[in-house]
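Undergrad: Top line first, the protein sequences correspond to chains A and B.
Numbering-wise (our numbering), the first sequence opens with residue 68 and increments by one.
Numbering-wise (our numbering), the second sequence opens with residue 627 and increments by one.
Check before you lean on any hint, since a few could be wrong.
[Claimed, not checked] Here are the computed distance ranges between Cβ atoms for each label pair: (1) ALA771/B / GLY89/A: 43 to 49 Å; (2) ALA828/B / THR130/A: 32 to 38 Å; (3) PRO774/B / GLY107/A: 22 to 28 Å; (4) ARG815/B / LEU213/A: 30 to 36 Å; (5) GLY214/A / GLU677/B: 31 to 37 Å; (6) ILE215/A / GLU681/B: 27 to 33 Å.
Just so you know, the hints here were simulated from the structure itself, not pulled from any lab data.
Cβ atoms here follow ideal geometry from the backbone N, Cα and C, with glycine treated the same way.
These are the residues of each chain, in order.
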Amino acid sequence: MDRQLRERFAAGDRSSLRDVYGEFGRPIYSLAYRILGDHGLSEEVVQVTLLNAWRGAGRFDPTKDMAPWLYTIARRAAIDIYRRERRHPVSSETDTDIAVLPASLDQTWEAWQVHLALNEITEEEREIVRCTHFLGMTHGQAAEHLGIPIGTVKSRSHRAHTKLAGLLSHLEEATA
Amino acid sequence: MRCEEARAQYLEGDASEAARDHLSSCPQCIAHRSALGSMLQILDDPLLWIEPPPELERRVTRLIETSDAEEPPMTGRRRRWQIIAAAAVLIVAVATGAFLFGRQPPPDWEITTAGVGPGESAVAVIGGWNVEGGTRVVLAAEGLAAAPDGYTYELWFISDSTPISGGTFAAADQPVNLFVGVGRREYPRVAVTLEPLDGDPAPSGIFVFDAGA
Numbered sequence: 068m069d070r071q072l073r074e075r076f077a078a079g080d081r082s083s084l085r086d087v088y089g090e091f092g093r094p095i096y097s098l099a100y101r102i103l104g105d106h107g108l109s110e111e112v113v114q115v116t117l118l119n120a121w122r123g124a125g126r127f128d129p130t131k132d133m134a135p136w137l138y139t140i141a142r143r144a145a146i147d148i149y150r151r152e153r154r155h156p157v158s159s160e161t162d163t164d165i166a167v168l169p170a171s172l173d174q175t176w177e178a179w180q181v182h183l184a185l186n187e188i189t190e191e192e193r194e195i196v197r198c199t200h201f202l203g204m205t206h207g208q209a210a211e212h213l214g215i216p217i218g219t220v221k222s223r224s225h226r227a228h229t230k231l232a233g234l235l236s237h238l239e240e241a242t243a
Numbered sequence: 627m628r629c630e631e632a633r634a635q636y637l638e639g640d641a642s643e644a645a646r647d648h649l650s651s652c653p654q655c656i657a658h659r660s661a662l663g664s665m666l667q668i669l670d671d672p673l674l675w676i677e678p679p680p681e682l683e684r685r686v687t688r689l690i691e692t693s694d695a696e697e698p699p700m701t702g703r704r705r706r707w708q709i710i711a712a713a714a715v716l717i718v719a720v721a722t723g724a725f726l727f728g729r730q731p732p733p734d735w736e737i738t739t740a741g742v743g744p745g746e747s748a749v750a751v752i753g754g755w756n757v758e759g760g761t762r763v764v765l766a767a768e769g770l771a772a773a774p775d776g777y778t779y780e781l782w783f784i785s786d787s788t789p790i791s792g793g794t795f796a797a798a799d800q801p802v803n804l805f806v807g808v809g810r811r812e813y814p815r816v817a818v819t820l821e822p823l824d825g826d827p828a829p830s831g832i833f834v835f836d837a838g839a
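Chain B with its partners taken away, still in its complex shape:
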């Protein structure tokens, strides 16, 4: 018996003796037994079968139409031009030497990154200096609105799924100085999130910049 046939019978809940023999003797099927069990459990789960209300489609369409009237969706082309324009402003500012790094020595690394999510019309230049005990970071952004009431921005260095906070800031209309107690060699991803002021130490998942991974 083929693996697929035996697995199909198992999912059907009516495995023949031949299928059961195959599933208990085939090394591949033995290795997949728990995944197969999980699939069967999901098929039997009433949550899989719940239906959204029929009018939801119309509401979604209406919401998007209303949203389009206020803010048309950004096509790749339009967004690229917006990023180029914002980056040009930043690059000129950085080139003057006074905006981001002032009279400091050049940073050990520097990232220019376009925003995402609520920060999608923004662009940032993030520079870092490797210092004792961690990394000193300066972030300058163009087009990033001040954090709304009840929220703050927070910078993170991230390795795999481990985030290390570099501190919070409410606005980035001026370069922001931050410090992270680790280096980018071990924590290559640099991100900024919008955080509700709720005392939760973990990242909210609302990314405004996400770079360097």
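Okay, chain A solo, but in the shape it has when bound:
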């Protein structure tokens, strides 16, 4: 995200919201779904996160990266909603469970970083990565699915994964 957009957001320029949503809407939704496992609640997390971020925009320092700041807000929003949902129906048994956080919290930061890295590659490269990882396709199947030559699939796939390996190298350092 460029600094100009961060400055517009911090200054309360509403037109910046669309771009912020464009960059972070999917990562927030995916993070929330990873924690809550529910589409409706995940949508609520996206709304709460961006609303809280908007209300706190004056505190955001536009010289800094927005991703860790939004991640913290989103994670907290998801945990609060998780706890709220665990609280119903009220019983002594569920009260004990409230202190327990979902095990799926473990990989949320890594997944968030992978999301942001996917934002940095081209749409065509992302589509190849999606075909091969999410849909489990071979290069040949992806070529047929996308209607492009297999050589193009191979070169895009290799370029995409080289970029991802580079973009995520800091994550390797942090988690190794």
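Dock chain B against chain A, hints included.
TA: For chain B alone, kept in the frame of chain A given last:
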């Protein structure tokens, strides 16, 4: 072969023999193997690829517009002035000597801090006395609404990720007396959270003050 090339082939799920040799012999890549495996697992995870509904963007925008009509976003400048005004009220009150500390000896430490989250329009002065068995704390706040039904405020001393509760209070329109069974030397961060009355002993994560870290 370069590390990045070998790692890219690994992520692609189609590592050549040269790449496999590199990954199993390069000390840096061996050290990063588990992180690399974790990344591959995330790429393969269907959760990474779920999409929010297309109309969500419009709903978010609409929500923020509605919210703006009720409560415009607080810019840094406006918030700074609000904090300065609230702090001035508190400082005058504290200076009179009767509001926060009364006829007590001066505290061993004192923090003036602006609120965050639900307490973002509030400011607090928190004073502490090192006493046997812990710390006696007095908190005075300006602009902090009473805790809503079903919630209470709770003060914490925190070291790294270990929080020690200093007790709860429903409102801080008058100075609140609390006691924490540890000292600030070991637990430097002082925070106040909004806690649902649910019996959960851990902090909720809804911070209204967070200072001293």
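Undergrad: All the hints need checking, so say for each whether the structure fits it.
TA: Quick rundown of the hints versus the structure:
A hinted range of 43 to 49 Å for the beta carbons of ALA771/B and GLY89/A is inconsistent with their spacing of about 35 Å. Under the hint 32 to 38 Å, the C-beta atoms of ALA828/B and THR130/A, about 34 Å apart, fit the expected range. Distance hint check for PRO774/B and GLY107/A: the Cβ-Cβ separation is about 24 Å, which falls inside the suggested range of 22 to 28 Å. A beta carbon spacing of about 52 Å between ARG815/B and LEU213/A contradicts the range 30 to 36 Å that was offered as a hint.
Between GLY214/A and GLU677/B the CB atoms are about 22 Å apart, so this pair departs from the stated range of 31 to 37 Å. Distance hint check for ILE215/A and GLU681/B: the Cβ-Cβ separation is about 31 Å, which falls inside the suggested range of 27 to 33 Å.
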